[in-house]
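Q: Respectively, the protein sequence lines represent chains A and B. In this text, residue positions in the first sequence follow my numbering: the first is 3, and each later residue adds one. In this text, residue positions in the second sequence follow my numbering: the first is 1251, and each later residue adds one.
These aren't lab readings, by the way, just hints derived from the structure by calculation. Just so it is clear, CB atoms sit at the ideal spot from N, CA and C, and this is done for glycine as well. Watch out, some of these pointers could steer you wrong.
As the list claims (entries may be wrong) - Derived CB-CB ranges, DEER-like:
{"hint": "1", "chain 1": "A", "residue 1": "7", "chain 2": "B", "residue 2": "1252", "range": "23 to 29 Å"}
{"hint": "2", "chain 1": "A", "residue 1": "260", "chain 2": "B", "residue 2": "1271", "range": "49 to 55 Å"}
{"hint": "3", "chain 1": "B", "residue 1": "1271", "chain 2": "A", "residue 2": "14", "range": "20 to 26 Å"}
{"hint": "4", "chain 1": "A", "residue 1": "204", "chain 2": "B", "residue 2": "1338", "range": "47 to 53 Å"}
{"hint": "5", "chain 1": "A", "residue 1": "19", "chain 2": "B", "residue 2": "1317", "range": "29 to 35 Å"}
{"hint": "6", "chain 1": "B", "residue 1": "1284", "chain 2": "A", "residue 2": "82", "range": "27 to 33 Å"}
{"hint": "7", "chain 1": "A", "residue 1": "85", "chain 2": "B", "residue 2": "1338", "range": "29 to 35 Å"}
Unchecked claim - Some chain A residues well away from chain B (every beta-carbon gap over 10 Å; in silico):
{"hint": "8", "residue": "91"}
{"hint": "9", "residue": "159"}
{"hint": "10", "residue": "297"}
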Amino acid sequence: MPVATVLELVLAAMVLGLAVWTIAARQSYAATVGFVAYGLLVPLIWVRLDAVDVALTEAAIGGGLGGVLLLAAAARLRATEIASLAETPGPMVRLGAAALSATTTCALAAALLLLPDPAPTLAPPAIAHAWATGLANPVTNVLMAFRAMDTMLEKVVLLLAIVGVWSLAPDAAWGGHPGPRHQADPHGALAFLARLLPPLGVVVGIYIFWTGADHPGGAFQGGAILAAMWLLVIMAGLADTPPAGSRRLRLLLIAGPGVFLTIGLAGLGLGLAFLAYPPAQAKPLILAIEVAMTLTIAVTLGLLLAGAPERSAQR
Amino acid sequence: MRFALDIVTIIAVLAGAFFFLAGTVALLRFPDTLTRLHALTKADNLGLGLVVLGLLPQAISLRDGLKLISIWLLGLLAGATVSQLIARAARREGST
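In isolation and in its complexed conformation, chain B is listed as follows (with noise of 0.2 Å):
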């Protein structure tokens, strides 16, 4: 059982990792605001996600569990909105 979970936070935290090179490699590569900020929350929303979900097995109590969780939720809001604000910045100064 231990070795499963194991298992399971090696593949799902590595899969995070992998998301996050990806945006890291697509905001340096891609043309403009607008898509470097797609590239930007999907490592944000999926990286962070698949790296919260692995940690889950590891944690010791539920109370963590939740803690990680909320993390995760506090993470997606930020970027959420942070995003919106950057692409309507970046649409006002017509630098699209």
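Just chain A, with the same shape it has in the complex (with noise of 0.2 Å):
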């Protein structure tokens, strides 16, 4: 067998392996470590299927920003979990989790081993059509052009998930600054971490996207390392986050999906097609969306993060 064989049949193993943990871990915090793991692990996986860009997404939405979601949110259940393990569901409800559970497994593998071979795929046109935008990534056209209406209702998505984590703020602290204001050592290691990293992480997250255009990478790849960098500095105690109520925030927070809406209702003003865009000036338009995008991902991905308004503004 060669030895990329045995590497690939290794890593399906230990995904196959972490996902079992995950589940059957009692405990949250040890099921959020499995998960982490397993989001750092599937990223290898699409490296081998040639999907780059997914592994990437994957890596830093799976694996970091999602792992560092589900650890807070298993920090806040530690007070309830030993109570809420005492609490065994009836028989009933396990087997009718348990035939749920058999049925959406068998659905999903008859989908899978009925798909016609070759599979239908789209991705002959897609390539044959990449003249049109002037990227050489089939992904970013894929995702900027061809189904832009996709990519621009997912960032509508991310916005209308600001709304329902800001909804979760007591009325004193509405418009106030979402999360605890973090205290560190101000010449600990967290605080030298938060000073030196971010120059370098900014630079990176900013090539992410800008090489998105011809090679793997994009919008929310670089956005997810910005909104990393963001967070380490509010986590060392070095900045607060910024009051909910803030308008230069809240302008932050639609830049994405507002400069794609206006120049996709242009191109229905100049005679084309919703969000088509004239082909001369494709690519200048697809950037001045992408950036506004990659701000409005890194902002929406922080806050996310940083929580519901806890502090009001005014102290």
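Put the two chains together into one complex, using the hints given.
A: Here you go:
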């Protein structure tokens, strides 16, 4: 057996094992650690499948930001965890859950096995029309031009998620600073890292966004790195989260979908179609949307992790 | 020349893999947080460093080589900071 196949088999076994462990673990902290490790191994599988764009997103969102979000949730649940472990569901609930899970698994397996061979694909037409945008990365072409509607709605979903998180704020803290004010030793290791790493991370984040035109990368991956740098500075106590009522912050939050929608409507006004770019200006227009989206994604992901406003802006 | 470079790669990557293996065994076997951290940082610093050293002769361009080295430096920075933070938290909780 070639070395590559052995590596793939080991990877698949480890991912499946970690998935089972994440579900079977009794404590939410242990399950979260399993999930983070899972989120770091799945990207390796995507790389083996030559889907580097997906791998980057999965590593940033599944392993990184998703892991931090779940860790924070696990820390919040710790006080009530022991009580909830004592509650065991009745046999009917267990039986129902097992039946539901088994049906879903069987349906997914059937759908996968019944796929025609070769599977239907739009990849050749996507590659054939790459000239229309002037971008060399086919994934960016699909995301920003051929299926631009999906990408725009995805940004609206991010906005709705922030509205959902902010709705959890108590009345007194409405419009205030999200999350606790972090305190750390100003001469400690965390503050040192928060001063040293962000300049580097910001350059890497912008590079990942910029290179997305021709190579794997793009607004989401770059934005996630920028968000991580921002959160590092906040967690080290070097900066506070901006108040949720701040106008500048809200403008940044709607910049991505706003610019996207404006350019989309302009396409309609020019007599083309909604979200159609005039071919000569396609690349600069896509770039403008991506810049706005990167900023929006960075701010949105950071605020999603910072949580609901907890402290009133006046204090 | 090519052959000599390949030998360097094989030896250095194997040595790096050995450090990762030893670090993992130690992580499972050592009794408390601080000694486990000690084992982990050896794997991160020396193991990753040796793997990067081994891959350098295979780098196609100077740019790729510099990228590999910066991965190692970033790994060192992250590893050193995180082990400091974990050690501090462990000492505060008195679980050492």
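Q: Next, verify each hint and record whether it holds.
A: Now the hints, each set against the structure:
1. A/7 - B/1252: 23 to 29 Å: holds (26 Å)
2. A/260 - B/1271: 49 to 55 Å: For residue 260 of chain A and residue 1271 of chain B the Cβ distance comes to about 52 Å; the hint holds.
3. B/1271 - A/14: 20 to 26 Å: With a Cβ separation near 22 Å, residue 1271 of chain B and residue 14 of chain A satisfy 20 to 26 Å, so the hint holds.
4. A/204 - B/1338: 47 to 53 Å: violated (27 Å)
5. A/19 - B/1317: 29 to 35 Å: At roughly 32 Å between Cβ atoms, residue 1317 of chain B and residue 19 of chain A fall inside 29 to 35 Å, so the hint holds.
6. B/1284 - A/82: 27 to 33 Å: Hint holds: Cβ distance 31 Å, inside 27 to 33 Å.
7. A/85 - B/1338: 29 to 35 Å: holds (31 Å)
8. 91: Label holds. Min Cβ-Cβ 33 Å, cutoff 10 Å.
9. 159: At about 31 Å from chain B, residue 159 of chain A clears the 10 Å cut-off, so the statement holds.
10. 297: Residue 297 of chain A is indeed farther than 10 Å from all Cβ atoms of chain B, at 24 Å.
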